[in-house]
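Novice: Here is what each chain is made of, one letter per residue.
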Amino acid sequence: MSGAITSRGWPRPGVPLIDGIDKVTGRARYTADLDHRGALVGRIFRSPVGHGEILRLDVSRAQNLEGVIAVVIGDDCPQTYGVLPVAMNEYPLARGKVRYRGEPVAAVAAVDAETAERALALIELEVRELPAHYTAESARAEGAALIHENRPGNVERAVHHVFGDPEAGFAAADLVRDASIDCAELNHAQIEPHAALADYDPATGQLTMQSVSQVGFYLHMMLARCLQMDESQIRVIKPFVGGGFGSRVEVLNFEIVTALLARAARGKVLMQLTREENFLTHRARPQTAVRLRLGMRRDGCITACECEVVQRGGAYAGYGIVTILYAGALLHGLYAIPAVKYDGYRIYTNLPPCGAMRGHGSVDTRHAFEVLLDRMARELGLDPFGVRRMNLLSAPTRTLNDLLVNSYGLPECLDRVERASGWRERIGRLPRGKGLGMACSHYVSGAAKPIHWTGEPHAVVNLKLDWDGGLTAFTGAPDIGQGSSTMVAITVAETLGLPLERIRVIAADSAITPKDNGAYSSRITFMVGNAAIDAAQRLKDRLSEVAASKLGVRREDVYTAAGMFLARGGESAPVRFEEIARAALVGEGTLTIKGTFTCPPESQGGKHKGGAVGATMGFSYVAQVVEASVDEDTGQVTVDQVWAAIDCGHAINPLAVTGQVEGAVWMGMGQALSEETRYLDGLPAHASLLEYRVPTIIESPPIDVQIVESHDPLGPFGAKEASEGALAGFAPALVAAIANAIGIDLDELPATPDRVVEALVALRRRARLKSAREPAP
Amino acid sequence: MRQDQRPPSRKRLVRVCLNGRWREDAVPDHLLLVDYLRETAALTGTKTGCDGGECGACMVLVDSVPVPACITLAVRCDGRSVETIEGLAAGDGLHRLQRAFHEHLGTQCGFCTPGMIMSAAALLRRNARPTDAQIREALSGNLCRCTGYVKIVESVRAAVDEAP
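Protein chains in written order, with our numbering: chain A, 1 to 777; chain B, 1001 to 1164.
Please note that a few of the clues may not be correct.
Label-pair restraints from in silico Cβ distances [stated by the list, open to error]:
1. A/Glu691 / B/Leu1013: 38 to 44 Å
2. B/Arg1010 / A/Asp754: 56 to 62 Å
3. A/Glu691 / B/Glu1024: 36 to 42 Å
4. A/Asp633 / B/Leu1013: 41 to 47 Å
From chain B, some residues computed to sit far from chain A (all C-beta separations above 12 Å) [as the list claims (entries may be wrong)]:
5. Val1067
6. Arg1099
7. Ala1128
8. Asp1132
9. Asp1161
Rather than coming from a laboratory, the hints here were simulated on the basis of the structure. C-beta: ideal position from N, C-alpha, C; glycine also.
Sequences and hints are given; from them, build the entire structure.
Specialist: So this is what it looks like as structure tokens:
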């Protein structure tokens, strides 16, 4: 790779992933690729009804089938599991009741797939059906059957937050407008289907679990809880993982079921879910209804915001409480808004449980907000860039809901995409059917308060320096394709002035690597990056002492570059890193050095209930412009080009940053254009990659990414997150571009041809009525 | 208690030139090519991402034509050449597509990558100088969820430009 050289000596286009060669050669082993010789095949029997009481479950015929080694049912695991300690209301296999079509009820382990599938057909389940609720409205209606006995009205969590004085804010506004925006449920659709390989050793009573998890630590904890095992008898290993996007943050039922089967079979079980089962396992972005009211002065300054969000959460708690809190908390942190009222309702329904998905909780609210902002700007005759510039924050600051903002590169992001897209020259001058739209978004760089408060640092990285002069970094951070292991290697190498090749990274194996809270909320670069730098700096301090005596200078005068220790201003010849390393081992042996990072208390959020959600050390900021074409006859929307600028603080690896932003923008495009789940009486009608319309390469546009570096004071080398923030801005920018192209205001996502045509028909009808009422001139 | 007396699975001998070497295996009639590759030949570079013909993660070349191995029977490959990602590079280096996908970040999680590269390899064999539109068309049966395809197009373009 060529290009300009940074102050740290790295080629600016960035470096390829350190595990990239394994991926392009097919050598990378994902869970299903692991050595599973002798493993039994696991299969899951699922509920055929949406809501019902289990009257009889008979697995005896399955158990007696030749080749079936183990069958497990709900009785085999009376412990609940879940991701939030306050809301663990799910069993790996249903007990007493089933709450959605496709909920696991029993599982078998057999000598081969055919036998396992035949065994499933022999399982007898008798269910007394209960009224099922497939929409939030139906579940909230008076007299609705309760999905969980302890949740009246089927409300999993209601949130009511008021910051500032909304009434006064609306009174001060020149324009007050409402919008009701509906966003469809999505699925992560990571290309690697779920899989787990569990190995139970009956002689030692130990369990080794290899799985697709984004958070091995959660899996480890829940396995111990559900199998009633001592944590020390369990080992959790993350092989290569084919994408996550939030689908694998929560522990998933099939993971625990696989472990239960392995223990029952006293051996090894491989479970591979079908794509249909991936959709049933779900945990993605919920269908969300947003009712929003904004107050604005004539100059575009926002005076108040009132927002109600209803999320159709599915049958179990999962991450729901956090999702509904995020939806309100991240109304803050992007613009300066003097008053915000938020009411959120997370509703239980008889559908597969929703969970965290890229941009967790914030995306649909952000969409509604940006869409209404655009409409009000138009009504006031203001430029959409101008309206954003009227409402900028000024860092450092704290938001109304006590979120820390130390760095804020949004103004420069706006300038960059405005220029790059030729906005000023082109807006209003495009032919009918072509439009430009823009929007902004942001996201946290790691949740500053972990779910499990243990008093430990938020991240730990170990470094091992050995006789070979090689440096190994051990991190629990799971690389799921986002490039976190490469990030660790770069931060260590840069701190020590070493070539990247000298660093090896071992990641996410509970027997070897330090505990890590995992891949969620875009926390790894900020937290693990800081811990890696801390470890490398400690090692550097140690080695600098040795180097000082070798070079015959004071320690303060030692510095490193290109794998050498050098003396500032001195005459002494540079000494190679390996030589210093070997000298440091004398009388000491292999060096192991630990680095840590703890989120400072001021980043951990407000004291109000739910105040930890949204709290972070720093936000990424993104502005983007979308250019789209709309066919007025078919309603087909085509995205022609996207320009996105991200403030990620500092790009530790610019190549990876642009890759992440392109992926996030594009995933936002999928949500905006074509992705949605559909259920018919609780039966998924979308459960394949043909029905669930992920954009192909044909409909995917060029995406121009610009990097803005605001140098966050707490970030590793000043860095913040770069993987999630760009997603939420795409859909509102597209909806604005469609409005710009053909004059319709879409209230629903995705912008499928039928919705576009419907909006066009409504627009024409309104125009006809208007002209009929007004006398011809 | 033995409940069933299944008839023995029908198998036949299949000779396949797999990544340039002929081999012979007894395979059941219903065995899918992807399972033959992954389980019988232990070549796990070919992936399964869907329930049949949806995602392209299992794309391999049968007589140089890209074929989803998850909807192809192994017995149909008798007497034919099958190429997988493991056989793409000649010698001990990387194929130019592999190098380009690595250097240009055409791969993130990597799960779609082998199939993507095999589809691209088939394209470059029949068309050494494809346009961007032709690249997109050739890869339209391969889904990727990480990259937004931007760097995938760039990677294939880089490999094309590298060709003599």
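Novice: Determine whether the non-interface label on B/Arg1099 survives the test: each CB of chain A must be over 12 Å from its CB.
Specialist: Check fails; 8 Å does not lie beyond 12 Å.
Novice: Is it true that the C-beta distance of A/Glu691 to B/Leu1013 lies inside 38 to 44 Å, as the hint says?
Specialist: Once the Cβ atoms are compared, 39 Å apart, the range 38 to 44 Å for B/Leu1013 and A/Glu691 holds.
Novice: May I ask you to check that B/Val1067 keeps its beta-carbon over 12 Å from the closest beta-carbon of chain A?
Specialist: Holds, because the least Cβ-Cβ distance between B/Val1067 and chain A comes to about 16 Å, which exceeds 12 Å.
Novice: Is the nearest Cβ of chain A still more than 12 Å from the Cβ of B/Asp1161?
Specialist: 15 Å, holds
Novice: Quick check on a hinted range of 41 to 47 Å for A/Asp633 and B/Leu1013, using CB atoms only.
Specialist: 57 Å, violated
Novice: Can we trust that B/Asp1132 is non-interface, i.e. its beta-carbon lies farther than 12 Å from all of chain A?
Specialist: 9 Å, violated
Novice: Falls inside 56 to 62 Å, the C-beta gap from B/Arg1010 to A/Asp754?
Specialist: Once the Cβ atoms are compared, 48 Å apart, the range 56 to 62 Å for A/Asp754 and B/Arg1010 is violated.
Novice: Decide, holds or violated, for the assertion that all CB atoms of chain A are farther than 12 Å from the CB of B/Ala1128.
Specialist: 20 Å, holds
Novice: Given the range 36 to 42 Å, decide if the beta-carbon distance of A/Glu691 to B/Glu1024 lies inside it.
Specialist: Holds, since A/Glu691 and B/Glu1024 (Cβ atoms, about 40 Å apart) stay within the stated range.
Hints 2, 4, 6, 8, counting from the list given before, are not met by this structure.
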